[in-house]
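In the order they appear, the protein sequences are chains H and R.
Just so we're aligned, residue 1 is where the first sequence starts under our numbering, counting upward by one.
Just so we're aligned, residue 1 is where the second sequence starts under our numbering, counting upward by one.
Simulated from the structure, these hints should not be mistaken for lab results.
Worth double-checking, as some hints may not be accurate.
Identical chains share a label here; the pair holds if one copy fits it or two copies do between them.
In silico DSSO-like pairs for lysine-lysine, Cα to Cα no more than 27 Å straight-line [unchecked claim]:
1) Lys-151 with Lys-4
2) Lys-89 with Lys-270
3) Lys-210 with Lys-270
4) Lys-261 with Lys-151
5) Lys-196 with Lys-34
6) Lys-299 with Lys-274
7) Lys-261 with Lys-196
Here are the chains, one letter per residue:
Protein chains: 2
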Amino acid sequence: MKAKGYHVAVVGATGAVGQQMLLTLERRNFPISKLTLLSSERSAGTKITFRNEEYIVEAATPESFEGVQIALFSAGGNVSKQFAPEAVKRGAIVIDNTSAYRMDENVPLVVPEVNEEALKTHNGIIANPNCSTIQMVVALEPLRQQFGLNKVIVSTYQAVSGAGAAAINELREQSQAILNGEEFTPEILPVKGDEKHYQIAFNAIPQIDKFQDNGFTFEEMKMINETKKIMSMPELQVAATCVRLPVETGHSESVYVEIEKEDVTADQIKELLKNSDGITLQDDPANQLYPMPALSVGKNDVFVGRIRKDLDCNTGFHMWIVSDNLLKGAAWNSVQIAESLVKLQLV
Amino acid sequence: MKAKGYHVAVVGATGAVGQQMLLTLERRNFPISKLTLLSSERSAGTKITFRNEEYIVEAATPESFEGVQIALFSAGGNVSKQFAPEAVKRGAIVIDNTSAYRMDENVPLVVPEVNEEALKTHNGIIANPNCSTIQMVVALEPLRQQFGLNKVIVSTYQAVSGAGAAAINELREQSQAILNGEEFTPEILPVKGDEKHYQIAFNAIPQIDKFQDNGFTFEEMKMINETKKIMSMPELQVAATCVRLPVETGHSESVYVEIEKEDVTADQIKELLKNSDGITLQDDPANQLYPMPALSVGKNDVFVGRIRKDLDCNTGFHMWIVSDNLLKGAAWNSVQIAESLVKLQLV
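Given only the sequences and the hints, what does the whole structure look like? Please build it.
As structure tokens, then:
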């Protein structure tokens, strides 16, 4: 444990991810000398207990960031665009969990298991990737290093908590209404504030975020573009189909990958991933062992299983990747970036 | 309407699929002169109303099939193996909804939109394919005819009703227990009678049917092998990952397909599928129109949407295919085969 502590700010402290950030900072015993909890006007005044002390959440202003050294942002893209530059101006390093700066050339997009070194190039802001991207690249990076990567096709099975606390409530309330045989009106999913809303309970919605003109959603394009940036592989072929499920927490992904090296076996892939940072291999079909979202909740690792060689393509493999989207997909990856900054003496 | 009617037997009349078969026979006004409802010993005695008449379900014996012209089997593979030959011996045509005969060289495996002509080669038994296979080949066949097919990679999102009525109850009861914060013990899914059982409510289980030695499940191998057989394309590259969801009815599939012809556009694919038998195109991202399992229930069609061209592969396309697994995936396809037999004067 370092004696030194940092002045840390959490922006969006009352949200689903903000709450997990605070729990993760506690759990990791992150060195904090002072904690500032910020939010929108709407949530200001909320009381939050951290390490047995009560804090009152304040509405963020530029001046809130005076003296802050590390600012964890998770209050939506607009809040980040408004306040991240203010925080940087006052000397803070911003770790931003929104999509506001992810594709900015001057902003490193970091998953510590993959590209921790990119932190050294930061200019004040560091972007935390999209949840579904993070867990996938953790599993892909060892393959890239060992065997080379050509092509990735992913279909996601995403939890509602990725859409925030209101979406969690909507799933619960709808589920109860359907079990009771009662009427209900969808109001949040698939996209809060969008034109149409659909039933999520006992259903699957093949839309996460809005549509682009090319027929892909922004969520799908995030997976495609962020994967290339994080892995420094602009030439990598990536395609994604993103689907929202009636699961509270834990994203799953069915991933088909083509590597460069020929004649690799599924056992070699298993052995490689078993010994890779941040991954727990759960792959024993004979004992029905494979990752599942309900079992991933509250855990930092990325779980990989169902690894098998394609029956036609010598370089093709299938796998099933699961992780807690609020932890490795958000809060834990952000705190992990903060830990890397400390370790690399960048803060 | 034909004046002539047939002596029809439904074997497994009390099951989830059997019930849908009876409803479908009613809805389609199938010409029936006599109806025999059969089941296992366990369910014998159950009363069922069909066209306002009450029937008592009898335990199946070889003699039950005397005089039967069309026998719809959906009572498990063992029942089919035991009684289908007895029915054929007595002059019936068997339409079997189990996996017992699907890969038998002497048994046509039929989806009428794809290979109705194969009915002409039958030797008494006709196999109804696996639910997840049927809806996929309905969407693939027009592509094969128009543009040629090379490769298919599918990830499924399958409803619990595919595992029978007990699995539906398990989903409902577990969901209620979780909403109440109560304990529960999984007893059915993923595979009834298997070693381990897992939570399905608010979860996703990447196992349907048992595992083969190659790491694929039998469900996945069914999709692979049956697709090749139905489409008469032993050389087609097919891979599948099958996942069970907390959805009661309606299977969804995220499908990546590589066609042979170059420079085809997504609009051409949409136009083609819009005008294909058995398909309803639901593809208008600007208006958030796409298929969803909850909206497919009770409908015979296969719903296709989210059609878009791959960003890297000129011949690659992604699509989202949804259908009621108890109807097109089972009961409706079986009754449709019976209708084809009548139309082709094969019965």
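Results of checking the hints against the structure:
1. For the homomeric pair Lys-151 and Lys-4, neither the shortest alpha-carbon distance inside one copy (45 Å) nor that between copies (57 Å) is at most 27 Å.
2. When the C-alpha separation of Lys-89 and Lys-270 is checked against a cutoff of 27 Å, the pair qualifies neither within a copy, at 46 Å, nor between copies, at 51 Å.
3. Taking the shortest Cα distances, Lys-210 and Lys-270 sit within 27 Å of each other only across copies (21 Å), while inside one copy they are farther apart (36 Å).
4. When the C-alpha separation of Lys-261 and Lys-151 is checked against a cutoff of 27 Å, the pair qualifies both within a copy, at 12 Å, and between copies, at 21 Å.
5. Taking the shortest alpha-carbon separations for Lys-196 and Lys-34, neither the intra-copy value of 43 Å nor the inter-copy value of 48 Å comes in at or below 27 Å.
6. Taking the shortest Cα distances, Lys-299 and Lys-274 sit within 27 Å of each other inside one copy (17 Å), while across copies they are farther apart (45 Å).
7. Within a single copy, Lys-261 and Lys-196 get their C-alpha atoms no closer than 46 Å, and across copies no closer than 36 Å, so neither meets the 27 Å cut-off.
In this structure, the hints that do not hold are numbers 1, 2, 5, 7, in rising order.
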